[in-house]
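Peer 1: Here are the chains, one letter per residue:
Protein chains: 2
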Amino acid sequence: MANITKKRIAIIGAGPCGLSQLIAFKQAEKEQRIELICFERQAEWGGLWQYTALTGIDPCGELIHSSMYRHLWTNGPKEMLEYVDYPFEKHFGRAVSSYPPRAIMYDYIIGRATAADIHKFIRFRTAVRFVNFDVNTKQFHVTIQDLLNEKILEHLTFDHVIVATGHYTLPNVPNFEGISKFPGRVLHSHDYRGADEFVDKNILIIGGSYSAEDIGIQCYKFGARSITISYRSFPMNFKWPDNIKEVPMLIRMEGHTAYFKDGTSVDNIDCIILCTGYRHNHSYMAEPLRLYCSGNLFIPSNLYKGIFWSPELRLAYLGMQNQTYSLNMFDIQAALVRDVFLGYVKLPDDDDEKKREEDISQWQAREQVIAANDHEGFTDLQTDYIRDIVSCCDQNTVPKFDLERAKAGFYKFFNDKREDFITFRDQTFTSIFPPYNEAPPCQIKWTKNMDDSIEGYLSSIKTT
Amino acid sequence: MANITKKRIAIIGAGPCGLSQLIAFKQAEKEQRIELICFERQAEWGGLWQYTALTGIDPCGELIHSSMYRHLWTNGPKEMLEYVDYPFEKHFGRAVSSYPPRAIMYDYIIGRATAADIHKFIRFRTAVRFVNFDVNTKQFHVTIQDLLNEKILEHLTFDHVIVATGHYTLPNVPNFEGISKFPGRVLHSHDYRGADEFVDKNILIIGGSYSAEDIGIQCYKFGARSITISYRSFPMNFKWPDNIKEVPMLIRMEGHTAYFKDGTSVDNIDCIILCTGYRHNHSYMAEPLRLYCSGNLFIPSNLYKGIFWSPELRLAYLGMQNQTYSLNMFDIQAALVRDVFLGYVKLPDDDDEKKREEDISQWQAREQVIAANDHEGFTDLQTDYIRDIVSCCDQNTVPKFDLERAKAGFYKFFNDKREDFITFRDQTFTSIFPPYNEAPPCQIKWTKNMDDSIEGYLSSIKTT
Numbered sequence: 001m002a003n004i005t006k007k008r009i010a011i012i013g014a015g016p017c018g019l020s021q022l023i024a025f026k027q028a029e030k031e032q033r034i035e036l037i038c039f040e041r042q043a044e045w046g047g048l049w050q051y052t053a054l055t056g057i058d059p060c061g062e063l064i065h066s067s068m069y070r071h072l073w074t075n076g077p078k079e080m081l082e083y084v085d086y087p088f089e090k091h092f093g094r095a096v097s098s099y100p101p102r103a104i105m106y107d108y109i110i111g112r113a114t115a116a117d118i119h120k121f122i123r124f125r126t127a128v129r130f131v132n133f134d135v136n137t138k139q140f141h142v143t144i145q146d147l148l149n150e151k152i153l154e155h156l157t158f159d160h161v162i163v164a165t166g167h168y169t170l171p172n173v174p175n176f177e178g179i180s181k182f183p184g185r186v187l188h189s190h191d192y193r194g195a196d197e198f199v200d201k202n203i204l205i206i207g208g209s210y211s212a213e214d215i216g217i218q219c220y221k222f223g224a225r226s227i228t229i230s231y232r233s234f235p236m237n238f239k240w241p242d243n244i245k246e247v248p249m250l251i252r253m254e255g256h257t258a259y260f261k262d263g264t265s266v267d268n269i270d271c272i273i274l275c276t277g278y279r280h281n282h283s284y285m286a287e288p289l290r291l292y293c294s295g296n297l298f299i300p301s302n303l304y305k306g307i308f309w310s311p312e313l314r315l316a317y318l319g320m321q322n323q324t325y326s327l328n329m330f331d332i333q334a335a336l337v338r339d340v341f342l343g344y345v346k347l348p349d350d351d352d353e354k355k356r357e358e359d360i361s362q363w364q365a366r367e368q369v370i371a372a373n374d375h376e377g378f379t380d381l382q383t384d385y386i387r388d389i390v391s392c393c394d395q396n397t398v399p400k401f402d403l404e405r406a407k408a409g410f411y412k413f414f415n416d417k418r419e420d421f422i423t424f425r426d427q428t429f430t431s432i433f434p435p436y437n438e439a440p441p442c443q444i445k446w447t448k449n450m451d452d453s454i455e456g457y458l459s460s461i462k463t464t
Numbered sequence: 001m002a003n004i005t006k007k008r009i010a011i012i013g014a015g016p017c018g019l020s021q022l023i024a025f026k027q028a029e030k031e032q033r034i035e036l037i038c039f040e041r042q043a044e045w046g047g048l049w050q051y052t053a054l055t056g057i058d059p060c061g062e063l064i065h066s067s068m069y070r071h072l073w074t075n076g077p078k079e080m081l082e083y084v085d086y087p088f089e090k091h092f093g094r095a096v097s098s099y100p101p102r103a104i105m106y107d108y109i110i111g112r113a114t115a116a117d118i119h120k121f122i123r124f125r126t127a128v129r130f131v132n133f134d135v136n137t138k139q140f141h142v143t144i145q146d147l148l149n150e151k152i153l154e155h156l157t158f159d160h161v162i163v164a165t166g167h168y169t170l171p172n173v174p175n176f177e178g179i180s181k182f183p184g185r186v187l188h189s190h191d192y193r194g195a196d197e198f199v200d201k202n203i204l205i206i207g208g209s210y211s212a213e214d215i216g217i218q219c220y221k222f223g224a225r226s227i228t229i230s231y232r233s234f235p236m237n238f239k240w241p242d243n244i245k246e247v248p249m250l251i252r253m254e255g256h257t258a259y260f261k262d263g264t265s266v267d268n269i270d271c272i273i274l275c276t277g278y279r280h281n282h283s284y285m286a287e288p289l290r291l292y293c294s295g296n297l298f299i300p301s302n303l304y305k306g307i308f309w310s311p312e313l314r315l316a317y318l319g320m321q322n323q324t325y326s327l328n329m330f331d332i333q334a335a336l337v338r339d340v341f342l343g344y345v346k347l348p349d350d351d352d353e354k355k356r357e358e359d360i361s362q363w364q365a366r367e368q369v370i371a372a373n374d375h376e377g378f379t380d381l382q383t384d385y386i387r388d389i390v391s392c393c394d395q396n397t398v399p400k401f402d403l404e405r406a407k408a409g410f411y412k413f414f415n416d417k418r419e420d421f422i423t424f425r426d427q428t429f430t431s432i433f434p435p436y437n438e439a440p441p442c443q444i445k446w447t448k449n450m451d452d453s454i455e456g457y458l459s460s461i462k463t464t
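Residue numbers (my numbering), protein chains in the order written: chain A, 1 to 464; chain B, 1 to 464.
Worth double-checking, as some hints may not be accurate.
What the hints assert, rightly or not - Derived DSBU-like pairs (lysine-lysine); straight-line CA-CA distance at most 30 Å:
1) Lys-221(A) <-> Lys-181(B)
2) Lys-201(B) <-> Lys-221(B)
3) Lys-181(B) <-> Lys-201(A)
4) Lys-201(A) <-> Lys-448(B)
5) Lys-261(A) <-> Lys-245(A)
6) Lys-448(A) <-> Lys-448(B)
7) Lys-221(A) <-> Lys-201(B)
8) Lys-201(A) <-> Lys-201(B)
9) Lys-120(B) <-> Lys-181(A)
10) Lys-245(A) <-> Lys-445(A)
11) Lys-412(B) <-> Lys-448(B)
12) Lys-181(A) <-> Lys-462(B)
13) Lys-181(A) <-> Lys-201(B)
14) Lys-30(A) <-> Lys-90(A)
15) Lys-239(A) <-> Lys-221(A)
16) Lys-120(A) <-> Lys-7(A)
17) Lys-151(A) <-> Lys-151(B)
18) Lys-181(B) <-> Lys-448(A)
19) Lys-221(B) <-> Lys-181(A)
20) Lys-412(A) <-> Lys-90(A)
21) Lys-181(A) <-> Lys-448(B)
22) Lys-245(A) <-> Lys-412(A)
23) Lys-78(B) <-> Lys-26(B)
24) Lys-26(B) <-> Lys-412(B)
25) Lys-6(A) <-> Lys-26(A)
26) Lys-181(B) <-> Lys-120(A)
27) Lys-30(B) <-> Lys-346(B)
28) Lys-138(B) <-> Lys-151(A)
What the hints assert, rightly or not - Among the chain B residues that face chain A by a calculated CB cut under 8 Å, a handful are:
29) Leu-54
30) Ile-57
31) Lys-181
32) Pro-183
33) Glu-197
34) Val-199
35) Asp-200
36) Lys-261
37) Gly-263
38) Gly-456
Simulated from the structure, these hints should not be mistaken for laboratory data. Please read all numbers here as calculations on a predicted model, not as lab measurements. No residue lacks a Cβ here, since even glycine has one placed at the ideal position from N, Cα and C.
Please take these sequences and the hints and turn them into a complete structure.
Peer 2: Below, the structure written as structure tokens:
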């Protein structure tokens with residue numbers, strides 16, 4: 001490996017992507033000196049996997065980061081996101097089921113980070129206010145603010161910046177006629193904290209994707225009176241329980257009555273939950289460095305290999321995709337960022353912006369022909385994408401996994417959901433690592449399982 | 001009056017203060033050329049008097065500005081805030097009672113602004129992102145963003161900037177042990193929209209000021225089961241209904257149980273409402289221009305006459321006070337800003353920073369000896385403050401009003417509240433303008449009045 005001078009590297013965000021990146025660099029620490037600082041606005045690490053009952057603004061005056069809610073259970077099998085170097089079974093000392101609750105996921109992610117001894121690199125309660133790039137010195141100027149003392153701004157310089165701030169924090173809020181005068185509660189899924197607040201209520205959910213399906217079914221589980229889900233393009237078409245129905249787009253609200261595009265209406269709506277997604281928000285990046293990314297793009301423009309800011313490749317954005325793969329993909333992205341920034345590998349076309357744009361365009365072209373509800377199609381795309389990233393990495397250190405097994409796992413998962421949306425979380429999967437063990441089932445069916453604590457969950461898993 | 005060259009003036013915010021300022025400059029338009037632009041983030045004018053059911057983030061990705069809620073009725077008599085040049089009776093064509101609902105207040109404020117023909121000066125859906133000052137050119141550089149097209153930034157220069165962004169938008173959120181794990185709803189009063197969401201619930205309110213008293217009594221009015229109000233320093237000590245009680249500071253939450261400083265506890269809390277006030281937020285101002293103002297200061301440091309940024313007097317902050325007086329005080333502050341910026345009057349000590357700081361210190365010293373619950377003491381202070389501002393203005397145009405009558409009105413208001421908090425809004429006041437008419441009462445008692453629309457309200461006022 002090349003002998004590279006000491007690098008100053010900033011990571012923005014200590015959520016799953018930032019932690020993957022810190023661990024990737026930690027592994028290279030023995031070989032060369034790196035100055036690594038990770039800036040985190042929150043008091044703790046773990047990003048969106050942290051739960052707080054608070055909504056709106058946090059004690060430091062920042063927008064609450066996480067959209068996490070009580071009784072969230074993973075919405076995909078854990079086997080398809082498991083870290084290559086850190087199996088669930090190693091962390092918990094026992095096998096766990098395929099769909100664990102949030103507390104288990106958080107404990108797992110933080111467990112690996114703790115074992116990797118990366119906490120020391122993180123400056124908590126520190127917000128990045130501005131990132132600029134000096135084309136002459138090739139240095140990033142980063143302005144940070146100590147949130148516990150709002151008057152203190154600090155200006156630092158770095159050779160590289162890695163943005164890992166996530167994209168599930170700033171709500172996307174469409175406008176609907178009459179909604180601002182609705183005489184009941186309106187909230188975005190970002191502020192949703194639990195379905196126990198909606199027992200016996202008539203809920204209107206706007207949206208047709210993961211938030212809508214999960215909050216909808218949770219409201220059912222906890223005893224909402226009725227759940228009407230209004231979709232923009234097409235219904236999810238799961239086999240819903242009797243008190244959940246899907247309707248076309250909301251046209252307007254008038255008092256407690258919702259009117260939809262097909263001329264139908266629903267009366268007595270108590271509460272509207274906007275499951276309308278999130279916006280990428282990189283307002284702290286100087287304009288020439290700022291990623292604009294609307295909607296659910298998998299390969300945003302300007303991100304070469306979905307990661308590197310083109311034309312300034314010293315800047316990386318991690319995990320900016322609309323994701324099927326998650327934790328294990330972040331590890332692979334982080335490995336490539338490390339390999340490129342430390343000079344272990346050379347990016348293809350790192351000196352040819354036009355070729356990079358062609359590469360981006362090819363991925364985008366492939367994405368564009370996939371129908372929005374073709375989950376298998378997106379999984380194929382992302383599987384191929386990961387294969388491409390892996391191929392760019394140093395082959396000795398990249399955390400590879402069996403992509404064909406992972407893809408097959410996702411296919412089964414989509415199928416389980418289509419077959420029975422109420423029971424899909426009761427299914428089990430085989431590991432994608434040898435010896436390909438089958439996960440033990442949870443002994444309490446998900447619809448009946450009201451204990452989402454670590455202790456409650458582990459006690460419900462059959463040990464063999 | 002001096003002949004001054006054309007001035008470029010920016011006003012940030014089209015709420016009550018910004019509108020007062022626009023009207024003040026409009027009156028001077030005949031005499032000299034002014035280039036006036038008011039930047040407003042929201043789609044409409046009226047600032048905090050606008051109501052929206054939405055909470056959190058607005059459709060442009062900005063924090064929802066207003067903390068307004070359904071069924072808010074003024075919490076002070078309208079006679080003490082009435083515009084000198086625009087009586088309520090003139091606007092509505094009839095007398096109205098002393099405590100009208102929000103819709104009436106909004107209609108009144110917007111009515112005057114419409115009559116003054118100032119809408120054309122306002123650029124809506126335009127956020128001010130950065131304000132800097134060039135000490136060489138004596139120009140302010142203002143970066144604005146078109147919120148309907150997030151990529152468009154514009155850079156403008158001005159001779160003067162007037163900050164009128166209010167200070168009831170960014171929640172102040174103290175930390176309490178266990179609150180982030182509370183298994184129910186936690187919200188700040190900024191996100192409170194109506195007590196109908198809390199029927200039959202046990203509510204814990206944190207706070208001991210205007211938000212706490214008003215949201216507390218509204219929860220009572222709409223049928224909350226119990227309301228526990230936890231104060232930091234001292235109780236409000238009103239004669240509360242049986243199901244409202246005041247307790248000392250919250251020490252910690254454990255499940256649904258709240259533990260207080262005096263060792264008592266309350267079980268079965270369903271919802272926590274943080275009525276813990278707001279933070280001034282001027283993060284868009286460059287550091288040397290940025291007002292930091294914590295708590296409820298009436299005269300913040302660096303604000304000469306509570307308005308002018310010292311040492312750079314070309315910059316003004318309007319309405320930054322913790323206010324007893326409101327609309328009529330904003331008019332007087334706006335008159336002084338106009339008179340000074342257009343050269344009609346010279347500020348005392350405009351060339352002597354030390355003397356200005358002495359003046360600020362004297363007001364602050366006077367404020368500091370007033371006990372936090374001495375409402376009469378604060379009113380005396382603010383009355384004297386307004387008298388001081390009036391004395392600095394051009395005496396021919398300043399919108400004077402009878403300060404002694406206003407002060408006496410506030411005294412009666414405080415007394416009414418202490419005598420009976422449930423009925424104080426049923427009381428009437430005499431105008432502070434000749435011929436000092438008594439307001440007609442509302443024929444429905446406030447606790448029974450569930451119609452806060454303009455039509456409903458006006459039909460409940462006895463016409464003579």
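Peer 1: If a hint holds in the structure, say so; if it doesn't, say that too.
Peer 2: For each hint, the structure was consulted:
1. Lys-221(A) <-> Lys-181(B): The given pair, whose Cα atoms are some 21 Å apart, holds under the 30 Å limit.
2. Lys-201(B) <-> Lys-221(B): Cα-Cα ~13 Å, so holds.
3. Lys-181(B) <-> Lys-201(A): Holds, because 24 Å separates the two Cα atoms, which is no more than 30 Å.
4. Lys-201(A) <-> Lys-448(B): Holds, at about 26 Å.
5. Lys-261(A) <-> Lys-245(A): Since the Cα atoms of Lys-261(A) and Lys-245(A) sit roughly 15 Å apart, the hinted pair holds (cutoff 30 Å).
6. Lys-448(A) <-> Lys-448(B): Between Lys-448(A) and Lys-448(B) the Cα gap is close to 43 Å, so the pair fails against 30 Å, i.e. violated.
7. Lys-221(A) <-> Lys-201(B): Holds, because 22 Å separates the two Cα atoms, which is no more than 30 Å.
8. Lys-201(A) <-> Lys-201(B): 14 Å, holds
9. Lys-120(B) <-> Lys-181(A): 26 Å, holds
10. Lys-245(A) <-> Lys-445(A): 23 Å, holds
11. Lys-412(B) <-> Lys-448(B): 23 Å, holds
12. Lys-181(A) <-> Lys-462(B): Holds. Lys-181(A) to Lys-462(B) sits at ~28 Å (cutoff 30 Å).
13. Lys-181(A) <-> Lys-201(B): 24 Å, holds
14. Lys-30(A) <-> Lys-90(A): Holds. Lys-30(A) to Lys-90(A) sits at ~25 Å (cutoff 30 Å).
15. Lys-239(A) <-> Lys-221(A): Within the cut-off at roughly 15 Å; holds.
16. Lys-120(A) <-> Lys-7(A): Holds: Lys-120(A) and Lys-7(A) sit about 18 Å apart, inside 30 Å.
17. Lys-151(A) <-> Lys-151(B): 29 Å, holds
18. Lys-181(B) <-> Lys-448(A): It holds: about 22 Å lies between the C-alpha atoms, which stays within 30 Å.
19. Lys-221(B) <-> Lys-181(A): Satisfied, since the Cα-Cα distance of roughly 21 Å is no more than 30 Å.
20. Lys-412(A) <-> Lys-90(A): 25 Å, holds
21. Lys-181(A) <-> Lys-448(B): 22 Å, holds
22. Lys-245(A) <-> Lys-412(A): 25 Å, holds
23. Lys-78(B) <-> Lys-26(B): 25 Å, holds
24. Lys-26(B) <-> Lys-412(B): 35 Å, violated
25. Lys-6(A) <-> Lys-26(A): The given pair, whose Cα atoms are some 14 Å apart, holds under the 30 Å limit.
26. Lys-181(B) <-> Lys-120(A): Within the cut-off at roughly 26 Å; holds.
27. Lys-30(B) <-> Lys-346(B): Holds. Lys-30(B) to Lys-346(B) sits at ~21 Å (cutoff 30 Å).
28. Lys-138(B) <-> Lys-151(A): With a Cα-Cα distance of about 25 Å, the restraint between Lys-138(B) and Lys-151(A) holds, given a limit of 30 Å.
29. Leu-54: Status holds, d = 6 Å.
30. Ile-57: With a minimum Cβ separation of about 4 Å from chain A (threshold 8 Å), the hint on Ile-57(B) holds.
31. Lys-181: 6 Å, holds
32. Pro-183: 7 Å, holds
33. Glu-197: 5 Å, holds
34. Val-199: 11 Å, violated
35. Asp-200: Asp-200(B) check fails; min Cβ-Cβ to chain A is 11 Å, beyond 8 Å.
36. Lys-261: 19 Å, violated
37. Gly-263: 24 Å, violated
38. Gly-456: 14 Å, violated
In summary, the numbered hints that this structure violates are 6, 24, 34, 35, 36, 37 and 38.
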